[in-house]
Amino acid sequence: MLTGPDGIPWGLKVRNLGTPSDLQTAGLDRYVYRLAAHGAPAWCSPEYGHGNALLIVEGELNGAAASRALLASGLALDVQGLAGAGGVPHLKGMAGRVVYLYADPDPAGLSCIERVGQLAQAAGAAEVRVLTSLEAGDFCDLLGRRGAAASGYCLRDLLNRSELWQSCNTGKTGLPQIKAAPSEEKTELWQCGTTSQGWTATDGGWGINRGGW
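In the working numbering, the protein residues as written are 1 to 213.
Be careful, since some hints might not be right.
Here are the computed distance ranges between Cβ atoms for each label pair [unchecked claim]:
| hint | residue 1 | residue 2 | range |
| --- | --- | --- | --- |
| 1 | 148 | 50 | 12 to 22 Å |
| 2 | 25 | 84 | 16 to 26 Å |
| 3 | 166 | 21 | 42 to 52 Å |
Don't read these hints as lab results, they were simulated from the structure.
We treat Cβ as the ideally placed atom computed from N, Cα and C, and that holds for glycine.
All chains, please: the whole structure from these sequences, using the hints.
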């Protein structure tokens, strides 16, 4: 079930089993959306809108895995999981907040970062930041290998090491241009935020009262 930023189901995504040749013979797609008129919406985390920042990742299941890991480690971010590298995010929840982006380290993923970064910037995000790639696999793989809490601490590290995104000058599939990371004085970026958002170190982080799964 794919819930939108309003907490209402926007889509029901069904995965057809079988080999690619089986599906081709049957005339079926691998994934089918069973609720009409909403296209392929991004998945939104429970209680969307209560986090102090937003993480957008490639893949609905990756979004769900990232959200579970963050909650297990006490980090309260809103999360959107896009319907693949070509998925479109919900614009609600971007204005005035830091938006973190993560996609697969391949041409499609880099193009996704560029496109979604531009959307977030146009939607009024306070900052758009890019997470470095996982050493192997995706967030679903990470959750399966290390469990929710340990995966959350890995995500915390990725958030702290994220880099400020800036649109590519060429508009092609190269790596986005980035500015230098903040000074060492704010090593816990996910806790302290930036002065442009009106946050201070006394804000004490994201908090954990976000409900469960």
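Hint check results:
no., hint, verdict
1, 148 <-> 50: 12 to 22 Å, "19 Å, holds"
2, 25 <-> 84: 16 to 26 Å, "24 Å, holds"
3, 166 <-> 21: 42 to 52 Å, "44 Å, holds"
Checked against the numbered hints above, the structure violates none of them.
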